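Enquirer: Below, each chain spelled out in residue letters.
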Amino acid sequence: MSNSVNISVETTCENQIREIAYDGTELYQPPPTLSESLAKCAARIDFSKTSLDNIKKEEKSAAAAADDDNKDANQFQESLWPWDAVRNKLKDAYTEICVLTDVISIAKDKRYLVLDPLLEEPDDTKPIVQVYSRKKAISQAAQVLLGGAERIRNAHSEQRSRNVSDFHIELLRLRQNWRLKKVSNAIIGDLSYRTAGSKFGMSGTFEVTKAEDALDDENSGNNTGGSANSSSSSSNNGMQLKASSALRVIVPSELQGVAYIKVITQKDQEDLCTAQVNLMGHGQNLTAQVGVWQKTLEFAQNVLFCKELFAQLAREAIQLQAPIPHVVIGNQIRATLLPNIQLIISLCHSTSFDSSQPAPINDHDHVLEHSLHQLLREVHYKNSHHPFPHPASAPLGPSKKRMLAGPTAADRDALLDMTKTQTILEQIIAQAQHIFMRKRTQYVLDTLARDVKDPQIVSHWNAMNSPTMSCVKINIVTHGYDAIGRTSLVIHVKERSLKCICRDGRVMRLSYEPQELRDLILCQINSHQISCLVSLARCMAWTVLSNSNHLGIGKVEPLGNASSCLLASPNSDRMIAVQIRCDPQIDVKVYIARSPRQDFFPSPLVPEKFWENLGGNFKEVRFDKIEGKSFLNKMEFLMASLTSNTA
Amino acid sequence: MAISSARESLSHALTNRFLPNLEYLLQGSILDSAVEHLMHRLKGLCDNVDTSPEPFHDLEVCMSLRQSQSNQPLLLRVRRALGRDAPFQMRYLGQPEVDIRRPTLVRSCMDCACTNGILDFLSEMGFRLEFEYIAKGYMFRKGRMKITVSKLIKIVPGKQQDMANEPISQSYIVELSVVAPTGQENVGEEMRVFAEQLKPLVQLEKIDYKRLGNLP
Amino acid sequence: MGVTVLQPYPLPEGKSGAHIIDHLAKRLLSLGATHAGQFLVDCETFISTPQHGTPARAVHVLHNSEYPASTFSIIDNGNGKQVALVADSIFDLLMLKMTSTFTSKKQTKIESRGARFEYGDFVIKLGSVTMMEHFKGILIEIEYRPCVTLSYCWEMIREMLQGFLGINVAKEYPTYFTTQTIMNAMGQQQLHAKQNDIYEPMDTVKQYLEHFTNYRKHVQIHGAMGGGASSVGTVGGGGPGGVLLPSSVGMGGRS
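Heads up: the sequence lines are chains A, B and C, in that order. Start counting the first sequence at 1; every next residue gets the next number (my numbering). Start counting the second sequence at 1001; every next residue gets the next number (my numbering). Start counting the third sequence at 2001; every next residue gets the next number (my numbering).
Calculated directly from the structure, the hints in this document are not laboratory data. Just so it is clear, the structure is predicted and the values come from calculations on it, not from any experiment. Please note that the accuracy of each hint is not assured.
To be verified - Residues of chain C clear of chain B, computed beta-carbon distances all greater than 10 Å:
no. : residue
1   : His-2019
2   : Leu-2040
3   : Phe-2091
4   : Val-2123
5   : Thr-2149
6   : Leu-2161
7   : Gln-2162
8   : Gly-2166
9   : Ile-2167
10  : Ile-2182
11  : Asn-2184
12  : His-2192
13  : Ala-2193
14  : Asp-2203
15  : Lys-2217
Claimed, not checked - Selected chain C positions facing chain B (in silico; Cβ < 7 Å):
no. : residue
16  : Leu-2085
17  : Ala-2087
18  : Leu-2094
All residues carry an ideal CB built from backbone N, CA and C; glycine is no exception.
Starting from the given sequences, assemble the full structure and let the hints guide the process.
Expert: Listed below in structure tokens is the structure:
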């Protein structure tokens, strides 16, 4: 810094010299202020110089510009207010604009003034040429109109004669039943269940076209594309609607054909069945009003539904942790219901329609198939029908139970239960198990009722039951002795177990093994016989010395055992002992004893007759030889005869 | 194995954006004479067209608490469904945010179901009654959107249940709202498209309360 | 849903809390109870800054892991009136909105946590109470699930407490359940036999709050009473000394 040399810099003279003094000093004109220069520049603008002709003039007057400039400067000096000139010019321009808008509004309104282009110069074409060309144009237009009229007339006459339905009427009917929308030139429909709550990814779009050449198609018989199946399926159905349909629906190839879910419950391996079910006969209740497309679409929708159902089941089968894992192979799911009993769910989708195929419906379980459909519909319904919150400000989404959980202080278990939902597969397995259990129980009860004639076993099945629980009431009575005694018990048939409720309030839980139920019923028969015998003995004035429902002899069963009873005649000189065993089948043994014996011979050991009152030897009665229809009947005879003997 | 406290699990839900705490809202109104048309359109547009629209009849009470640090009182709205055995709903609404770039009004929101002692509880806490009204109308849903068409009814003090209470105006208020966790920006667009479909009948807009003055 | 009784366990001299808990757990297990998870009950108190005229209000916010979806809160308006509220767990966030009026007293945050046992219809929870990480005592919660009225099952619960846990329990109902005078809707005073009421989850929470408050007071007084056995006994009302609670016991007998 200290070593630097000072250099003075002078600007060149930019301002005009106003005056040079005699001493040579130059007096500069002070530079115009910003506002002055702006006013000067603004004054120079010629507001009328925007149109083209003005520009031309401008060129002419270019030479005079310098003078103008000076003049302007003078004016600028002279005028009272620096912006006066600008204002005047702007005012003029404004007036012009106003006039222009008036003209435009008048011209635009067309009420007062119509603007027409001026003919520069009249055309000098010859009138004869003009006439000729007009004639030609008119005749062309006439031809177009005539052609159109002819087509309409043809179409009308054809319709009237052949009763071909109108495309638009058909489209209207289609629109009433299916979702359609127009995408540019095509009409696209949607047959998926998405609006009903389905979340299945597969698309269900179909296209609607006009069947232009319906006649040709029918004649030639070789159809192509998506409509092929619809037509062939209709002919298979014997519904010759084809001719009358002016509308055609094109369904994607993966939705063509017929599909259904086959459900088989199978016992052991060899029971495999390969049944093909032909559902073509279904759906005859279609109204004749709707065309063949209705059937096509319904089939396609059914295919879509079955595919969704199967996909859902397969996913669940893989996710579920079952003790015996579920197997998914191709179009088949295998699940084990009970030992040796399997549930097989398979998706059958056929696109070929060989009417030669026999349709034996062997083991196909329609009830379970229906339940499956119902379960998926339920899932759909739950997806789309959420409860509304109350009050209205509450959040949308949580279930009613969950909404209450906070304020009502729901405990951990209740909250856990809310999160649990049974999958479709679990539910269908439970239903299948129940059906099987019910059948098994029916079989056991029926065979027992057939085999055991005395007493009679009557079972009443509740007509109303849930898919996983049914109820049977069993009455055990002896014919002719109904008033004396009746043993009744109720059995709840569940999914894998039975629950028996006896009249005395005992509750027994049985497994799925049929033998357990058989044993239980046999034991109940035992105790029925004994208790009836006890009542009968009282009626006949016999004394019951003892009875037991569980003797504890023979095979010890958890549910019951041999039972017995000891009776004494009114004057106590005779006794009857009865023992009923139930394993393996009902076996009745009856013994009688009499004391004192009628023929008494004193001996050194038994000197007096009264010792005989201690009781004598029991002798077995050949019970099957005794007269009588039933056990009680025989016992009645026996007691009666023993009583009369003593009298 | 150690059990986590309720506070911990709540903050976990907040940080992981499980907790729906933002309300996206569009509002409009429609005259009584035209509400029938709107109902028909909503029936066509919304889910569960097969069932009739769900009616509601709620009493809303707004309570305010003076905050010592800010001059803005804390407002809590308590709603009760009349003629129904449902828990009371307490609702906190934050300051609405009217962003030009967003298609809807967005405000923070907390919904809490409580037992019916809540009004007593709040007054013991020092809350004072700000205003109350009855909202009566219908609600619809479309996906996660909730649409309410409600008539606001003035309350003559002490006569909550009375039929004598008069409507505030000759029109219905229409609200389209979604409560979602933070970070779901596509909600607004979804709502705008839906509002577009109701257009000539009702103009659903984001209404800035601050401009309307000190209205509720 | 059942009836729950909360019982403080007197700490004998010279034994640590962990030792006692361990001992009790072993006793339960050997008698056939099964271990069924953990539990936690915590309590946080928010106090309002007292303004002109109004006394300081306290809002106690409690959580019970048995009812994971709920937040329990009890307000004490300072004039003896209490209002209880059960709400969704989001209530905690609402409390945070009021921090300028209601400030949380962190140093009084108190909790009881420990193991949970099941034995038939009984649920037994051995909780060790801690405040600011300091061990305060042992609270035993015992629930009899099939019943909702204490008067029907108190004897059974008492038997369980005495037989299984070896606690000497008085024949009278615990203080929380004893007959008390309440104000009815008409503003009249009347006697109310609480032991005949239908039990609600809020009652469990209120019992916890009662005991927690006592533990807190105990800290403030800081009376170095030996082991806390006598003080705890007084507080819980379950101690053998029915004499300590003359009025309530008298009423309990009458009902």
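Enquirer: With reference to the structure, classify each hint as holding or not holding.
Expert: Here is what the structure says about each hint:
Distance to chain B confirms His-2019 of chain C as a non-interface residue, since its nearest Cβ pair spans about 20 Å, more than 10 Å. Interface exclusion of Leu-2040 of chain C from chain B breaks down, the closest Cβ pair being 5 Å apart, not more than 10 Å. The Cβ of Phe-2091 of chain C does not lie farther than 10 Å from every Cβ of chain B; its closest approach is about 5 Å, which violates its non-interface assignment. Listed as a non-interface residue, Val-2123 of chain C keeps its Cβ farther than 10 Å from every Cβ of chain B; the least gap is roughly 15 Å.
Look at Thr-2149 of chain C: its CB is around 21 Å from the nearest CB on chain B, clear of 10 Å, so calling it non-interface holds up. Against chain B, the non-interface label of Leu-2161 of chain C holds: every CB pair exceeds 10 Å, the least being about 24 Å. No Cβ of chain B approaches the Cβ of Gln-2162 of chain C within 10 Å, the least distance being about 29 Å, so the stated non-interface status holds. The beta carbon of Gly-2166 of chain C sits about 27 Å from the closest Cβ of chain B, which is more than 10 Å, so the claim that it is off the interface holds.
The Cβ of Ile-2167 of chain C lies farther than 10 Å from every Cβ of chain B, with a closest approach of about 25 Å, so its non-interface assignment holds. The claim that Ile-2182 of chain C is not at the interface with chain B holds, since no C-beta of that chain comes within 10 Å of its own (minimum 15 Å). With 10 Å as the threshold on Cβ separation, the claim that Asn-2184 of chain C sits away from chain B holds: the shortest Cβ distance comes to roughly 15 Å. The Cβ of His-2192 of chain C lies farther than 10 Å from every Cβ of chain B, with a closest approach of about 18 Å, so its non-interface assignment holds.
At the 10 Å boundary, the C-beta of Ala-2193 of chain C stays outside the reach of chain B, the nearest C-beta of that chain being 22 Å off. Taking the minimum C-beta to C-beta distance to chain B, about 14 Å, the non-interface status of Asp-2203 of chain C holds against the 10 Å cut. No Cβ of chain B approaches the Cβ of Lys-2217 of chain C within 10 Å, the least distance being about 22 Å, so the stated non-interface status holds. Proximity of Leu-2085 of chain C to chain B holds as hinted, the smallest CB-CB distance being about 5 Å (cut-off 7 Å).
The closest approach between the C-beta of Ala-2087 of chain C and any C-beta of chain B is roughly 4 Å, which is under the 7 Å cut-off, so the hint is satisfied. Interface hint at Leu-2094 of chain C: satisfied, since its Cβ lies 6 Å from the closest Cβ of chain B, which is below the 7 Å cut-off.
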